[in-house]
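2 protein chains.
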Amino acid sequence: MKNILIATEKPFAPAASEKIHKILTKAGYKVFTLENYTNKSELISAVQGIDAMIIRSDKVDREVLDAADHLGIIVRAGAGYDNVDCDYAREKGVVVMNTPGQNANAVAELAIGLAIYGLREMFSGKSGRELRGQTLGLHGFGYVARNVFRIARALGMKVIVYTRYSKEAAAAIGLKNTHSLEELYRKSDVVSIHVPAKGVHIGSVSYPILKELNDNALIINTARKEVINEEDLLRIMEEKPGVKYLTDVEPTHKTLFAEKFKGRFYSTPKKMGAQTEEANSNAGKAAAEQIVAFLEHGDISCKVN
Amino acid sequence: MKNILIATEKPFAPAASEKIHKILTKAGYKVFTLENYTNKSELISAVQGIDAMIIRSDKVDREVLDAADHLGIIVRAGAGYDNVDCDYAREKGVVVMNTPGQNANAVAELAIGLAIYGLREMFSGKSGRELRGQTLGLHGFGYVARNVFRIARALGMKVIVYTRYSKEAAAAIGLKNTHSLEELYRKSDVVSIHVPAKGVHIGSVSYPILKELNDNALIINTARKEVINEEDLLRIMEEKPGVKYLTDVEPTHKTLFAEKFKGRFYSTPKKMGAQTEEANSNAGKAAAEQIVAFLEHGDISCKVN
Numbered sequence: 001m002k003n004i005l006i007a008t009e010k011p012f013a014p015a016a017s018e019k020i021h022k023i024l025t026k027a028g029y030k031v032f033t034l035e036n037y038t039n040k041s042e043l044i045s046a047v048q049g050i051d052a053m054i055i056r057s058d059k060v061d062r063e064v065l066d067a068a069d070h071l072g073i074i075v076r077a078g079a080g081y082d083n084v085d086c087d088y089a090r091e092k093g094v095v096v097m098n099t100p101g102q103n104a105n106a107v108a109e110l111a112i113g114l115a116i117y118g119l120r121e122m123f124s125g126k127s128g129r130e131l132r133g134q135t136l137g138l139h140g141f142g143y144v145a146r147n148v149f150r151i152a153r154a155l156g157m158k159v160i161v162y163t164r165y166s167k168e169a170a171a172a173i174g175l176k177n178t179h180s181l182e183e184l185y186r187k188s189d190v191v192s193i194h195v196p197a198k199g200v201h202i203g204s205v206s207y208p209i210l211k212e213l214n215d216n217a218l219i220i221n222t223a224r225k226e227v228i229n230e231e232d233l234l235r236i237m238e239e240k241p242g243v244k245y246l247t248d249v250e251p252t253h254k255t256l257f258a259e260k261f262k263g264r265f266y267s268t269p270k271k272m273g274a275q276t277e278e279a280n281s282n283a284g285k286a287a288a289e290q291i292v293a294f295l296e297h298g299d300i301s302c303k304v305n
Numbered sequence: 001m002k003n004i005l006i007a008t009e010k011p012f013a014p015a016a017s018e019k020i021h022k023i024l025t026k027a028g029y030k031v032f033t034l035e036n037y038t039n040k041s042e043l044i045s046a047v048q049g050i051d052a053m054i055i056r057s058d059k060v061d062r063e064v065l066d067a068a069d070h071l072g073i074i075v076r077a078g079a080g081y082d083n084v085d086c087d088y089a090r091e092k093g094v095v096v097m098n099t100p101g102q103n104a105n106a107v108a109e110l111a112i113g114l115a116i117y118g119l120r121e122m123f124s125g126k127s128g129r130e131l132r133g134q135t136l137g138l139h140g141f142g143y144v145a146r147n148v149f150r151i152a153r154a155l156g157m158k159v160i161v162y163t164r165y166s167k168e169a170a171a172a173i174g175l176k177n178t179h180s181l182e183e184l185y186r187k188s189d190v191v192s193i194h195v196p197a198k199g200v201h202i203g204s205v206s207y208p209i210l211k212e213l214n215d216n217a218l219i220i221n222t223a224r225k226e227v228i229n230e231e232d233l234l235r236i237m238e239e240k241p242g243v244k245y246l247t248d249v250e251p252t253h254k255t256l257f258a259e260k261f262k263g264r265f266y267s268t269p270k271k272m273g274a275q276t277e278e279a280n281s282n283a284g285k286a287a288a289e290q291i292v293a294f295l296e297h298g299d300i301s302c303k304v305n
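Protein chains in written order, with my numbering: chain A, 1 to 305; chain B, 1 to 305.
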């Protein structure tokens, strides 16, 4: 019989936990849980004899991996997986997965919420603008952007996209891919960023791109701060006094933005895009299903290492 | 030649003003403007010899109407028209119109923005909920509610409605009309209020209705404060510690709500639902078109007196 560990410093909500248990026990596995633990030693002893584990933001380093004498797979219920030493896991033959797309709707709803909040002058009572009729530029076209697209279209926005890796997905729904990132930023009233902090994307929102923005453009960033060259954005916001920046990822220069651009900058107090009951529950359920698919059929679709 | 006066203490935006002038001059009328005036005497002298006038929040009382020796029609560019003495205008044979529906999308976008803001715990960083999958109850089904419906459906919400006067419009799009207001409130995760402060609607959101709410319900009010029995809402928010109230209409007991229900109550600093460039521009354009339709063809579709 396979032994599955659910190790969560911050446990799943009861309803989510129940779903996860149901999926795993139905598959005939024995389920162990380690919740609210405060010391790595607890995790180290819990992983012994375990075949698969589900974690959340829990740190899985070399020491934990060395203690796991039987581990085949770790699934991070969520998108980011920098809490896992993926390289060392690979060395040890342990598959690492995340649960992509499960929080996409949560992040997309926040992006739309921030867009309304921004165009309506942060609910200050000042006259604002409507989303209807405006052009939304999607920088990237992954799971989150696709949800933003669905909602934005109903809001009566014209949607365009710049994507390197999802051209087919965009074309399949008739969405226009601009020729360059410059063109995307030039044609957009609202830009929503949906690329990861990897490779060419790092610092990609830089002066040559930003200078194309129209004078009243609104930038929404629910992705990663590393995508933006903050010095360049600060410079553009000086040069174009109508440009606004609203973000769910705390900028390195948050204080500068807040001081210099009152009413034009907003940052959530804590990254919260994926923080919904639904996203957590979906991710937990997906993690359990991915473990079953891996153990029963060797399915590695969501492998990240 | 007909003389048209645009009397606006708070002028239209330049682009809106240009559109209005174009419509009226194309119809062969002579257009006069009185902007940024500070004294009623200016309005009194401006209305002399005028056939039709467009106003915004400008006060048109008996004195102004008596001075208007030639006036056939007043169009209030906007929804509310309590700034006009409609009865006296009717006595004097002056038609009063508003421009219904022109700000509907603006208000609807704010209602959706407030719903996201509310379910995401006012962007506090705390874990929230998604709109997708929840049931939205529309209390009333006028122009604003119809726009909310369009957006909410794309957000993946289940939408239900309780309407007395728009049953056909709701049925035409397959929208379920509940049997009672109680049923609407009982079945909704989010209720959005879209009825005017008239007749049966005044105080209609009262204890017998509110006690039906589920424990995590969110109420959005972008309509009028008089629709809600505030004492009853205060009582329910004591009894059901998950119920939230977000409003664009300042409650009479605002301080009480704010003090007692931190994190569960939000009121915009100033009614701003209709305050968008687009709504103002649409309303001005509609006002000009309604004047032409009235003067040329006697069209009184939007008459309110």
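No lab work stands behind these hints: they were computed from the structure.
Some hints here could point you the wrong way.
Treat identical chains as interchangeable: a pair holds within one or across any two.
[As the list claims (entries may be wrong)] In silico lysine-lysine, DSS-like type, Cα no more than 27 Å apart, as pairs: (1) LYS262 x LYS176; (2) LYS158 x LYS254; (3) LYS285 x LYS126; (4) LYS176 x LYS59; (5) LYS126 x LYS10; (6) LYS2 x LYS225; (7) LYS260 x LYS270; (8) LYS26 x LYS198; (9) LYS254 x LYS126.
So, going through the hints one by one against the coordinates:
In this assembly of identical chains, LYS262 and LYS176 lie within 27 Å of each other by CA distance neither inside one copy nor across copies; the values are 34 Å within and 45 Å between. Taking the shortest alpha-carbon separations for LYS158 and LYS254, neither the intra-copy value of 31 Å nor the inter-copy value of 38 Å comes in at or below 27 Å. In this homomeric assembly, LYS285 and LYS126 come within 27 Å of each other (Cα to Cα) only across copies, at 22 Å, whereas the closest approach inside a single copy is 43 Å. Taking CA atoms no more than 27 Å apart as the test, LYS176 paired with LYS59 passes in neither setting, with 41 Å inside one copy and 49 Å between copies.
Within a single copy, LYS126 and LYS10 get their C-alpha atoms only as close as 40 Å, which misses the 27 Å cut-off; across copies the closest is 14 Å, which meets it. Taking the shortest alpha-carbon separations for LYS2 and LYS225, neither the intra-copy value of 40 Å nor the inter-copy value of 60 Å comes in at or below 27 Å. In this assembly of identical chains, LYS260 and LYS270 lie within 27 Å of each other by CA distance both inside one copy and across copies; the values are 21 Å within and 25 Å between. Taking the shortest Cα distances, LYS26 and LYS198 never come within 27 Å of each other, neither inside one copy (38 Å) nor across copies (57 Å).
In this assembly of identical chains, the alpha carbons of LYS254 and LYS126 lie at most 27 Å apart whether taken from the same copy (24 Å) or from different copies (20 Å).
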